[in-house]
Amino acid sequence: MSERVDLPPAAPTRRTLRDRRRPAQISVIGVFGELLLTAGVLVFAFLGWQLWWNDMVMAGQQSNAAAEISQTWIEDDLSSRDTAPEDAAAVVDFGEPLVGVAPAESETFAVLYVPRFGAVYNRSIAEGINNDVLNSSRSGIGHYPGTQMPGEVGNFAVAAHRSANGGGMHLINELQLGDAIYVQTADGYYTYRFRDLEYVAPTTVDVIAPVPHNADVTPVDRFITLTSCNPLLSTAERIIAYGVLESWQPTSAGPPPEVATVINAQAKG
Amino acid sequence: MYAALWRVLPGPLWLRIVLVLVLLALVLLALSTWVFPWVDSIVNNQEVTVESP
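Chains as they are written, first to last, in the working numbering: chain C, 39 to 307; chain U, 12 to 64.
Same shape as in the complex, but just chain C (with noise of 0.2 Å):
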């Protein structure tokens, strides 16, 4: 009986001293509490922008970029020709591949095509390695500035983000061996095949000489040099993937059947 009678005026007043106390609760150091928090958050917010949606929403934009470029190469070649392309079956050999010239700096001139990287996997490929080549929206791949061309005798080096900023190179290190790595310039497509994987301190540059750690021998073969950071997510190293020319065609003669699936899809939109 006596708890009954004591207990009802007891929770009121605790509410009542509450809502008195209110205006009081805005204090400094809860102000402050409260912006250590919301800064917490707005860290993870921003991992998750940069390493998820805007590399998402970069990713499509420069693979809208590669497919616009590549389409304008194909359309260039087409109206530069009067008659139909020739029967690619038909001409197996094209000899020597086509070099192009130096392009100038931050300038789109090749797409790379990796099928392991995706079915509709397409990057552009501009000159120069600085931040507004491998941060762009429209290419994300940078050319080492002096290192050979597409099909050139010697070393074409590129590097690009593996994660972030549309992540070029995600999935560098699942090629395999004899992977198709396809390289489309003004001229036509170089095929290259993927021989092998290598981690190296950020420092190893002779990984880019014409003949990888052989920076004082002739080059012979015709290499293609990725480069990307290693482990994923760290800059504590740089992971490196060699392939060697395989074949050359011509423009005129289309693209080898695995750039041509991007290419139909991307022609579709």
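Worth flagging that the hints you see were computed from the coordinates, not collected in a lab.
Among the hints, a few may not be true.
Listed next, the stretches of chain C that the computed footprint assigns to chain U, with coverage defined by at least 3 CB atoms under 8 Å from CB atoms of chain U [said to hold, decoys possible]:
no.	segment
1	78-84
2	263-269
Here are the computed distance ranges between Cβ atoms for each label pair [claimed, not checked]:
no.	chain 1	residue 1	chain 2	residue 2	range
3	C	N169	U	R27	38 to 48 Å
4	C	L89	U	A15	31 to 41 Å
5	U	L26	C	E275	50 to 60 Å
6	U	L37	C	L271	28 to 38 Å
Some chain U residues flagged as far from chain C (calculated, every beta-carbon gap over 12 Å) [stated by the list, open to error]:
no.	residue
7	P21
8	G22
9	W25
10	R27
11	I28
12	L30
13	V33
Using N, Cα and C, we set each Cβ at its ideal position, and we do this for glycine too.
Please arrange chain U on chain C, whose structure you already have, making use of the hints.
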């Protein structure tokens, strides 16, 4: 701070929840449109190239 925000929001509980979600979406939109790209441009240190020391 957030408690004060919750108190100034009008309407019944469901409306307040909707308003909070709308505000949150607007904040995220503003962040990803202006703030995050700017932060990215100053903290970006994702080196992917090999360079001489």
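Do the hints match the structure? See the list:
Here the segment 78-84 of chain C counts 3 residues with a CB under 8 Å from a CB of chain U, which clears the bar of 3, and the coverage holds. Check on the segment 263-269 of chain C: 3 of its residues sit with their Cβ under 8 Å from a Cβ of chain U, so the three-residue criterion for coverage holds. A C-beta distance of roughly 44 Å is found between C/N169 and U/R27, which places it inside the suggested range of 38 to 48 Å. Taking the beta carbon of each, C/L89 and U/A15 are about 34 Å apart, inside 31 to 41 Å as hinted.
At roughly 53 Å, the beta carbons of U/L26 and C/E275 sit within the given window of 50 to 60 Å. Remark: the range hint 28 to 38 Å for U/L37 to C/L271 is upheld by a beta-carbon distance near 30 Å. With a cut of 12 Å on Cβ distances, U/P21 stays outside the contact zone with chain C, its closest approach being about 17 Å. Separation of U/G22 from chain C is adequate, the least Cβ-Cβ distance of about 19 Å exceeding the 12 Å criterion.
In this structure U/W25 is separated from chain C by more than 12 Å, as the shortest Cβ-Cβ distance comes to about 23 Å. Even its closest Cβ contact with chain C, about 17 Å, leaves U/R27 beyond 12 Å, as expected for a residue assigned away from the interface. Distance check for U/I28 against chain C: the nearest CB is about 18 Å away, which clears 12 Å, and the non-interface claim stands. Distance to chain C confirms U/L30 as a non-interface residue, since its nearest Cβ pair spans about 18 Å, more than 12 Å.
Every C-beta of chain C lies more than 12 Å from that of U/V33, the closest at about 17 Å, which supports listing it as non-interface.
Of the hints listed earlier, there is not a single one the structure fails to meet.
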